[in-house]
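K.L.:
Sequence:
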Amino acid sequence: MEQFLDADVPAGREAVAGIPLPPFATAADHRRYLDMLQLYLAMLDPGAPATNTVILNEALAAERRSVDAGPLSPLALIASLSSFFPAPWTPDDLAAALAGRIGAPVRHRDAWRWMGDPDFSAVPREGGGWDIVRHERGSFSNGILAHDGDLVLLWMDHFRSRFPLPFGHAYERSDADLLAPAVRAARRAHDVNTAYPYLVTWRAARDAALGAE
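Counted the way numbering that gives the first Met the number 0 counts, the sequence shown spans residues 0 to 212.
Hints may be right or wrong, so weigh each one.
Cβ pair distances, simulated, as ranges [as the list claims (entries may be wrong)]: (1) P123 <-> Y197: 46 to 52 Å; (2) A208 <-> V122: 37 to 43 Å; (3) R106 <-> S65: 31 to 37 Å; (4) D7 <-> A58: 20 to 26 Å; (5) L177 <-> A58: 22 to 28 Å; (6) A208 <-> A61: 36 to 42 Å; (7) R124 <-> A184: 54 to 60 Å; (8) I143 <-> R172: 41 to 47 Å; (9) E13 <-> L164: 32 to 38 Å; (10) D109 <-> G210: 38 to 44 Å; (11) H134 <-> L177: 43 to 49 Å.
By construction, these hints were calculated from the structure, which means they are not laboratory data.
Think of the CB as a built atom: it goes at the ideal place given N, C-alpha and C, for glycine as much as any other residue.
Working from the sequences, and respecting the hints, build out all of it.
P.N.:
As structure tokens, then:
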């Protein structure tokens with residue numbers, strides 16, 4: 000029996016009830032989703048925060064200022080998937096949000112199929128949960144997911160962004176050398192920014208909310 004939820008998936012984490020799901024009925028629902036996503040992403044960052052977190056949240060804030068009812072943007076969706084954002088997705092909800100992506104889950108009667116080489120299927124179990132079958136070039140492996148939320152996490156794992164440039168990519172070391180002086184300067188400037196009271200206050204509030212692990 001294969002374990003389909005790897006150690007780098009937050010198996011067993013609870014969804015947060017009350018976060019609206021796409022397609023949003025109102026612009027207010029859309030803004031609420033983005034507000035919670037931005038707060039979650041900021042809390043994920045254990046640092047000062049990192050420049051990257053500030054940039055991503057600003058991009059999401061720009062979306063928030065112009066949202067209406069309807070679907071998530073590609074940016075908000077990939078940020079949600081890659082961070083395992085705990086909106087209360089059901090398999091049907093998440094499949095609808097993933098529609099149009101290569102290998103997206105497709106309903107076959109009561110079962111689901113997704114991806115290719117390998118491809119996967121999920122068949123509902125009597126009493127709840129899912130029987131999962133992984134098929135790759137003539138070989139099959141089986142596993143069990145106990146809850147709908149586990150299937151949601153498996154899809155998040157399968158469709159999240161794992162290897163954006165430069166991670167796992169070849170790149171010119173000389174390009175990194177060219178950028179290094181500017182990177183060092185930007186880091187020094189960011190260190191000054193993180194000492195400002197508003198970020199000191201943020202770190203204290205974040206740490207108080209998270210408590211001791």
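K.L.:
Each hint needs a verdict: does it hold in this structure or not?
P.N.:
Hints, one by one, checked against the model:
no.	hint	verdict
1	P123 <-> Y197: 46 to 52 Å	49 Å, holds
2	A208 <-> V122: 37 to 43 Å	39 Å, holds
3	R106 <-> S65: 31 to 37 Å	32 Å, holds
4	D7 <-> A58: 20 to 26 Å	25 Å, holds
5	L177 <-> A58: 22 to 28 Å	25 Å, holds
6	A208 <-> A61: 36 to 42 Å	25 Å, violated
7	R124 <-> A184: 54 to 60 Å	57 Å, holds
8	I143 <-> R172: 41 to 47 Å	46 Å, holds
9	E13 <-> L164: 32 to 38 Å	34 Å, holds
10	D109 <-> G210: 38 to 44 Å	41 Å, holds
11	H134 <-> L177: 43 to 49 Å	46 Å, holds
Hint violations for this structure: number 6 only, all remaining hints satisfied.
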